[in-house]
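**Student:** Residue numbers (our numbering), protein chains in the order written: chain A, 7 to 119; chain B, 3 to 186.
Hints in this document: simulated from the structure, not taken from any laboratory.
Where hints are given, some of them may not hold.
Simulated crosslink set (DSBU-like; lysine-lysine; CA at most 35 Å straight-line) [to be verified]:
no., chain 1, residue 1, chain 2, residue 2
1, A, Lys57, A, Lys95
2, B, Lys148, A, Lys57
3, B, Lys12, A, Lys95
Stretch by stretch, here's where chain B covers chain A in the computed footprint (C-beta under 8 Å, at least three residues) [claimed, not checked]:
no., segment
4, 7-16
5, 19-27
6, 36-50
Computed list of chain B residues with no C-beta within reach of chain A, every gap over 10 Å [as the list claims (entries may be wrong)]:
no., residue
7, His23
8, Ala51
9, Thr66
10, Leu99
11, Ile113
12, Gln129
13, Leu133
14, Ser142
15, Thr144
16, His186
The beta carbon of each residue, even a glycine, is placed where N, CA and C say it ideally should be.
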Amino acid sequence: MLLIYCPYCEEERSELEFRNGGDAHIARPTNIAEISDEEFEAYFFLRDNPKGVIFERWRHIHGCGRFFNAARDTVSDRFLTTYKAGEPKPNLDAAPETSATVETYEALEGAAQ
Amino acid sequence: MADQAIATRKVPLAGLRGGSHAAVLTPAAPAARIALRAGKDAVPALSAALGVTLPTRPKTSASTAKRHALWLGPDEWLVIDEDGAELMGAAASSGALHSAVDVSHRNMAIIVSGPGAEVAINSGCPQDLSLGLFPVGACSRTIFGKAEIVLLRTAEDTFRLECWRSFAPFVFGLLSEGAEDAAH
Ligand SMILES: [Zn+2]
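Pulled out of the complex, with its shape left as it was, chain A reads as follows (with noise of 0.2 Å):
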């Protein structure tokens, strides 16, 4: 089971309360009416859905109902850290090393082992 640290109740909770709520750090463009389409299909729809850190929302739903931010590897699924809504992107440089790409279901396997 996956754990997860929330910044507003300031501890590790279970996967199981949480919901993923897509990218973070997406600023609604303040001129929406004005933009291009393309503009706004840059803005609403495309994302980067990059191998390795992502910055993501997540909110607490079953739990205190906050919306944070997140710093997670995809290809190890791990937490590098949370910080609430509304603060900077935290520089990870500071934070913990990412875990070691594993790139086949047999190592993922031999890791559970």
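Position chain B with the ligand against the provided structure of chain A, taking the given hints into account.
**Tutor:** Leaving out everything else, chain B with the ligand in the frame of chain A:
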């Protein structure tokens, strides 16, 4: 003249008893409840009006004799009055900006009591309920199987488990299984 049908209010799980010698399950008596939202500034006035200090630390509650204020989130509380006292009016009399919704009949509660209470609840709830992390008076909104619940530890071996009334049969059923397991 046709007979007039009088609807009687049905209490969920009325008359049910369950569990095991390790964890006894008892539906709680009907109670008054409000879902309360308010900013920091309104907390002192609301606390005074409700007669119970709204807690501002995560996972904490405050109680007077029959009234409990449970921290659910940074600006959200569940206030329960076991005597069914009027809470909406009390909150309104605070004069402070807030939102209160009467959820007295949305929720029902099951009292889980006995040396196996933790184990019974943990059969469907992922929280660490050991006394160190979840002491008497601790409370939390969390999950029990597929149902959202609010837990309040009222004694070392007793929890008040609040759930939405439509989930009550499911919650009671799963708790019964957990209580049975806790007895082994
Ligand atoms: Zn939380």
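**Student:** Is the nearest Cβ of chain A still more than 10 Å from the Cβ of histidine 23 of chain B?
**Tutor:** 29 Å, holds
**Student:** Going straight from one Cα to the other, do lysine 57 of chain A and lysine 95 of chain A come out at no more than 35 Å?
**Tutor:** Roughly 18 Å between the alpha carbons, so the hint for lysine 57 of chain A and lysine 95 of chain A holds.
**Student:** Confirm or reject the statement that leucine 133 of chain B sits farther than 10 Å, beta carbon to beta carbon, from all of chain A.
**Tutor:** At about 15 Å from chain A, leucine 133 of chain B clears the 10 Å cut-off, so the statement holds.
**Student:** Find the nearest Cβ of chain A to the Cβ of threonine 66 of chain B and say whether that gap is larger than 10 Å.
**Tutor:** 24 Å, holds
**Student:** Leucine 99 of chain B: least C-beta distance to chain A exceeds 10 Å?
**Tutor:** 19 Å, holds
**Student:** Beyond 10 Å from chain A, beta-carbon-wise, is threonine 144 of chain B?
**Tutor:** 6 Å, violated
**Student:** Quick check for students: does the CB of alanine 51 of chain B sit more than 10 Å from each CB in chain A?
**Tutor:** About 24 Å separates alanine 51 of chain B from the closest Cβ of chain A, which puts it past 10 Å; holds.
**Student:** For histidine 186 of chain B, is the shortest CB-to-CB distance to chain A above 10 Å, so the non-interface label stands?
**Tutor:** 23 Å, holds
**Student:** Any Cβ of chain A at or closer than 10 Å to isoleucine 113 of chain B, or is the non-interface label fine?
**Tutor:** About 21 Å separates isoleucine 113 of chain B from the closest Cβ of chain A, which puts it past 10 Å; holds.
**Student:** Checking a non-interface call: every C-beta of chain A should be farther than 10 Å from the C-beta of glutamine 129 of chain B. Is that right?
**Tutor:** Glutamine 129 of chain B is in fact no farther than 10 Å from some Cβ atom of chain A, at 7 Å.
**Student:** Holds or violated: the segment 36-50 of chain A covered by chain B, criterion of 3 or more residues with Cβ-Cβ distance under 8 Å?
**Tutor:** violated (count 0)
**Student:** Given the hinted pair lysine 12 of chain B and lysine 95 of chain A, is their alpha-carbon gap at most 35 Å?
**Tutor:** 52 Å, violated
Hint compliance for this structure: hints 3, 6, 12, 14 and 15 are not met, and every other hint is.
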